[in-house]
Amino acid sequence: MVVSQPLLSVNGLKVEYWTRRGKVRAVEDVSFTIDKGETMGIVGESGCGKSTLGLSLMRLVPFPGRIVKGKIWLKGRDVLRFSANEMRNLRGKDISYVFQDPMTSLNPVKKVGAHFVELIRAHEPKVSEKDAVVRTRKLLKDVGIQSDRIGDYPHQLSGGMRQRVMIALAIALNPSLVIADEPTTALDVIVQAKILDLLNALRDAYGMALVLITHDLSIVLERSDKIIVMYAGHMVEYARSEDIYRNPQHPYTQGLLKAIPNVELDEQTLDAIAGFPPDLLDLPKGCRFWPRCYCAEKGCREEEPPLVNTEPGHYVRCGKYKEGE
Amino acid sequence: MDKPKFRKGMLSSIIPGLSLLSQRGLAGWLVVLGFIMVVSIVTMTAISPWVAPYDPSALIGKPLMSPNSQFLFGTNDLGQDVFSRVLSGGGIMLEVSILSVIICLLIGVPLGLFSSYAGGLVDRFFCLIMDSIYAFPGLVLAIAIAAMLGRGVTNMALSIAVVYVPSYFRVIRSQVLSIKEMPYVEAANAAGAKGRTILSRYIFPNVVPSIVVVATVNFADAILTAAGLTFIGLGVSPGIPDWGWDLTNGRRLLSSGTWWVIAYPGLMIILLALGFTLMGEGLSEMANPRLRE
Amino acid sequence: MVFILLTMIFLVIRVLPGDPVMLHFEKQENPDLMDQMRRRLGLDKPLWIQYFDYMFGLFRGNLGESMEDYSSVGQQIFSAFPATLELAIFSMVVAVSIGIFLGVEASKGYGKTRDNVIRVFGIVTYAIPVFFLGMVFQMVFGLGLHWLPVGLRLPPRLDPPSGLTIGSVHFSTGLYTVDSLFEGNIYKFVEAIRYLALPSLTLGLVLSGVFIRLTRSNMFETLRLDYVTAARARGLSESKVTYGYALRNAFLPVLTMMGLQFATLLGGAILTETTFSWPGLGRYIVDRINFRDYTAIQGAVVVFGIFVSFVSLVVDLLYAYLDPRIRL
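Heads up: the protein sequence lines correspond to chains A, B and C, in order. For the first sequence, counting from 1, position 26 maps to 26 in the numbering used here; every step adds exactly one. For the second sequence, counting from 1, position 51 maps to 1051 in the numbering used here; every step adds exactly one. For the third sequence, counting from 1, position 276 maps to 2276 in the numbering used here; every step adds exactly one.
Quick caveat, the hints were computed from the structure, so don't treat them as lab data. Please note that a few of the clues may not be correct.
[What the hints assert, rightly or not] Here are the simulated DSSO-like cross-link-like pairs (lysine-lysine), alpha carbons at most 30 Å apart as the crow flies:
1) Lys14/A to Lys111/A
2) Lys138/A to Lys2112/C
3) Lys93/A to Lys2240/C
[Unchecked claim] Examples of chain A residues toward chain C, derived with CB under 7 Å:
4) Tyr97
5) Ser105
6) Asn107
7) Lys111
8) Leu119
9) Arg121
10) Lys141
11) Tyr321
[Claimed, not checked] According to the in silico footprint, chain B covers these stretches of chain C (three or more CB under 8 Å from chain B):
12) 2129-2142
13) 2183-2191
14) 2205-2215
15) 2266-2276
All C-beta atoms, glycine included, are put in the ideal place defined by N, C-alpha and C.
Isolated chain A, as found in the complex (with noise of 0.2 Å):
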């Protein structure tokens, strides 16, 4: 399975938040490829960086948010030097994007129809609306919504239902990647694994990747190639997913295999990982993990380790580690 080139190429992302209180570093040292048609799932707690990491594919992160440092490279090109109308040719078409509410995300004064050609004109604006019309119910179709749907306005239709709208708009214009932010937290469970479903057949049926952001370990170590963990800013692991299930290196990602709940066992009390994560905007010193890590030492105190590759295709960050394991 080689490729030539990845198809998305990141390297020492560095996002923050210029506010008045201080600079919030969302994202610090974050490097990772995507390849074509892979899944990439980014876990984590609220707050740590992984929705602004999404974002930051996109440029898309809000004021007073700021991309300082890295590169990142989509089909060979850096993303970061491209023009206002190179963006926005991206956007849509290239990349998607599938926010976390669709009640939030979709106009509403927009009927449902009227989003999809709007979308279709503006990147493709030779398209008669009657094209886009029938390319709108075969879309809506895709994701299992009835096409007379099409006249309706989004608060007439279910929280799944909207979801799909809004998967069926990220795909609408076949894009190489598509990154979805917690997909299935509005959701409730029994729609969840069907949204998760549909997610990764429209990635079978056109090729595109997908990137999975989401604080559900137990999602992303089914249904995603690579994992990357994050806490606080700063990617703590980066593997292949069976490599994560079979090998957890950092005692963050280890305590959250413990913490999913496993149906098959007779009695559990849940083990979560004690502890809140730290202040963006006023961090420790050393390895931003310790005050919660079971196996702290001195050395985590003091100097913040750095990312080292442990065995072919997984990276850790934390003292414990040395390269090559």
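Here the structure of chain A is known, so what remains is to put chains B and C in place on it, guided by the hints.
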């Protein structure tokens, strides 16, 4: 025993405010800038009798001379030195606005405090009157009143004051209404404090910041309104140098291209009004900072 | 509340310092003449009766008689009113347009130079006396550059447009722009606009500050909403996102503000009309003041008051209609 403490309390709520100026960033700078502008103009007007090169009312030069080395801003149609007139012309406006603000404070503040604290029919009565005045186009009302009263500084100040009292009333009223419900006022009441005492010791000191803001903005409006009244002919008799009068007079000279007669006085009015406006903006931002993240 | 207003106006004019008639004549002239005027205008009756006459007169549409020549004040006002209406409408349009445009521009670059410059602009324009700005414009655009006329409503020898004629029924609004369109006379239309340009620009500019601030803060809130970011994520152009999505939300507050600012607009109109010799209600009042025609002044002030109340009412109704039914 309590009285001296509270007088100090009121002052200290304003003075530390001054020291907080630079801390509050942009808002603080606005206030400082506005303050400097206002103070400079006031000073300029005050010292003008000694500093002005010529007597502003004297027909000292050839009429309608454009700015030159002898007459910095040129002369007007009567041969008066525009520069000297500019230096001393702010007097009337300042007098009028100060007077109107004082009147407003004397009438609007007690009325606002009293009415909102008393509540009931009394409150509704005053509210009705105040709202009616407030809803009416301000300048029109001022013009009407000034037309009836005639010329003169006091009359101008009165007409402006009548128009602006409702603003004070409203602001104070909304403040009082919210403070009235606070626990410490209830506690004072329960302890048997008289209405008057509560008003003066608890409510009034907290209302002061808002009053300062309203008064500052009022100053700016008063200046512009005074200028407007003068322009219509309801100002003071033309003897005393006054920017507003210069503008009115200079209007006839426009077609001959003599811009300096109106440009400089006009500019001064703008600067004075702007100074107060900036102060008002800065102060109101300091009093209730806008959430902007 | 209108009732209170009218009463107030009465008080101001009649009750304030003494006798309007005496003021009218300034010096103690022929007492017979003064009595004659008093009787003719009904000013010799006791105050109560005067008040009732005034109120009932208003209901019937009688605004009194001018002290100058006993002609109907109502008539005079009626003929001057449309000019002010036209000026008011155009000025408001100018103010709102400038306000929205600059407000949007400012909100795009929060805290950056563009934003601060626009904010300062908004504050400064408010501090400029309307008539001063008017004179500056007259000098620059009228006399200096000869682009636009500086006074009146139409070129001297041009007759005002006659409006709509259906058969023998004649209908004119008094608004020269509208009337000339009704008449189909493009030349008059253009001229009317040319003469409107400077006065409405002056008044509109001074008023725009409020709208700039309002639009700006509104846009801030809206531009941060999720569906705006989502629209951007779909690659929609900035202008579509700004104007199509975000601006919709600013619409209602702007409407409300228009109603609130109307009173200020009329006040400014008086000064503007004087500066530009615009034959409207404002200039009428100033005229009458110079002539000490107090009954006429009273009538005009009443009309102003009623006009403002009417507009507030319309805005309130419009708001109630637009708000719960459609979430624009």
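Hints versus structure:
Among the hinted pairs, Lys14/A with Lys111/A is inconsistent with the structure: their alpha-carbon atoms are about 38 Å apart, more than 30 Å. About 45 Å separates the Cα atoms of Lys138/A and Lys2112/C, which puts this hinted pair outside 30 Å; it is violated. Under the criterion of a C-alpha separation no larger than 30 Å, the hint pairing Lys93/A with Lys2240/C is consistent with the structure, at around 17 Å. About 4 Å separates the beta-carbon of Tyr97/A from the nearest beta-carbon of chain C, less than 7 Å, and the hint is met.
Hint status for Ser105/A relative to chain C: holds, with the closest Cβ pair at about 4 Å, below 7 Å. Hint on Asn107/A holds. Least Cβ distance to chain C is approximately 5 Å, under the 7 Å limit. The beta carbon of Lys111/A comes no nearer than 14 Å to any beta carbon in chain C, farther than 7 Å, and the hint placing it at the interface is violated. For Leu119/A, the suggested interface contact is upheld, since its CB lies about 5 Å from the closest CB of chain C, less than 7 Å.
Against a cut-off of 7 Å between C-beta atoms, the interface hint on Arg121/A is violated, since the closest Cβ of chain C lies about 10 Å away. The beta carbon of Lys141/A comes no nearer than 20 Å to any beta carbon in chain C, farther than 7 Å, and the hint placing it at the interface is violated. Nearest Cβ of chain C to the Cβ of Tyr321/A: about 37 Å, over the 7 Å cut. The hint is violated. Remark: the region 2129-2142 of chain C is confirmed as covered by chain B, as 8 of its residues place a Cβ nearer than 8 Å to a Cβ of that chain, reaching the required three.
Using a Cβ-Cβ cut-off of 8 Å, 0 residues of the region 2183-2191 of chain C lie near chain B, which falls short of the minimum of three, so the contact claim is violated. Check result for the region 2205-2215 of chain C against chain B: violated, 0 residues qualifying (beta carbon to beta carbon below 8 Å, three or more required). With 7 residues carrying a beta carbon less than 8 Å from a beta carbon of chain B, the region 2266-2276 of chain C meets the three-residue requirement, and the given coverage holds.
Of the hints listed earlier, those the structure fails to meet are numbers 1, 2, 7, 9, 10, 11, 13, 14, in rising order.
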